[in-house]
Amino acid sequence: MRKQQDLPRHYSFEFFPPKGPKGEQRLDTARAELAALGPAFFSVTFGAGGTTRSGTLKTVKATMDATGISAAPHLSCIEGTRESIRELLQTYADNGVDRIVALRGDIPEGMDSPGEFSYANELVGFIREEFGDRFHLEVGAYPEVHPETPDPAADLDNFVRKVEAGADSAMTQYFFNADAYFDFVDRAEAKGVDIPIVPGVMPIPNWSQIKRFSAMCGADIPRWMERRLETYEQAGDEASVQAFAADAVTRMCERLIEGGAPGIHFYALNRSEPTRTIWRNLGLPAADHADAMAS
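Mapped onto this note's numbering, the consecutive letters of the sequence shown carry residue numbers 1 to 295.
Hint data in this document are derived by calculation from the structure and do not stem from the laboratory.
These numbers were taken from a predicted model, which means no experiment stands behind them.
Ideal Cβ placement from N, Cα and C applies to all residues, glycine included.
You may find that some hints are simply not true.
[Said to hold, decoys possible] Derived BS3-like pairs (lysine-lysine); straight-line CA-CA distance at most 27 Å: (1) K3 to K211; (2) K58 to K19; (3) K22 to K211; (4) K22 to K61; (5) K61 to K19; (6) K58 to K22; (7) K211 to K19.
[Stated by the list, open to error] Taking CB as the label site, the calculated pair distances span: (8) E24 to D194: 39 to 45 Å; (9) Q90 to N281: 28 to 34 Å; (10) Q90 to W224: 46 to 52 Å; (11) F131 to A235: 50 to 56 Å.
Model the full structure from these sequences, guided by the hints.
This is how it looks when you write it as structure tokens:
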């Protein structure tokens, strides 16, 4: 992990477009509290098929207006045409967006063809062709292998193609085993990858929810963690669920940072306290981070 250790370290937080007044209020609160930690940027998820596209732009603009911090919309190429994606990118450029998370996106059930772009590397290449270096391009990475790719070697090759197409940095799918991240980075660096690969971390705000998410995205939950959390949940001991989850994720983050990871991308799920708890446990005061980002 020598190359990753030499890279500047940064931290970021991810939101999703809220639904309804209560969701908007919860996001407003979380955004203000997490902005105080001085992240390098926020990211905002994107829905295929137009389900949250307008919500993504609205949330990105609100985030930048409220905090003065860069916000990176997720951009999926599924179902998109060259023209529709070009127009959306121009809209982002016109609104001061300087960072894009370029993804293939999930293929809706029953869809035979994903559209004009089949893979994220094609989207990255298109953005570079159309907009040059206007945007910093983030791409996804899968330390535990993308759920649709049974071959780890092929999955790594897919990632390398995104880097070669022009990606500036990567953020990973979340995981609960730091060794999966270190192994992925070592294999990527052996392939010549030298961009930052920032680990994605899930704070576990809701254990039942995270179990569902993990089953869908292929994130492995270590048996020792699952058994402990299940025991606390069955006993109705929510305080122990939260305390144990925060401790387990904090210890993983400590390993990641000590091992040279160039930061952490927190999947905040529009809540601040689980992430802030881990932040405090790690001893990452906002002032230190802000100074590092300015240097």
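Hint check results:
no.	hint	verdict
1	K3 to K211	violated, 33 Å
2	K58 to K19	holds, 12 Å
3	K22 to K211	holds, 24 Å
4	K22 to K61	holds, 19 Å
5	K61 to K19	holds, 16 Å
6	K58 to K22	holds, 16 Å
7	K211 to K19	holds, 22 Å
8	E24 to D194: 39 to 45 Å	holds, 40 Å
9	Q90 to N281: 28 to 34 Å	violated, 42 Å
10	Q90 to W224: 46 to 52 Å	holds, 49 Å
11	F131 to A235: 50 to 56 Å	holds, 54 Å
Of the numbered hints given earlier, the model fails hints 1, 9; all others are met.
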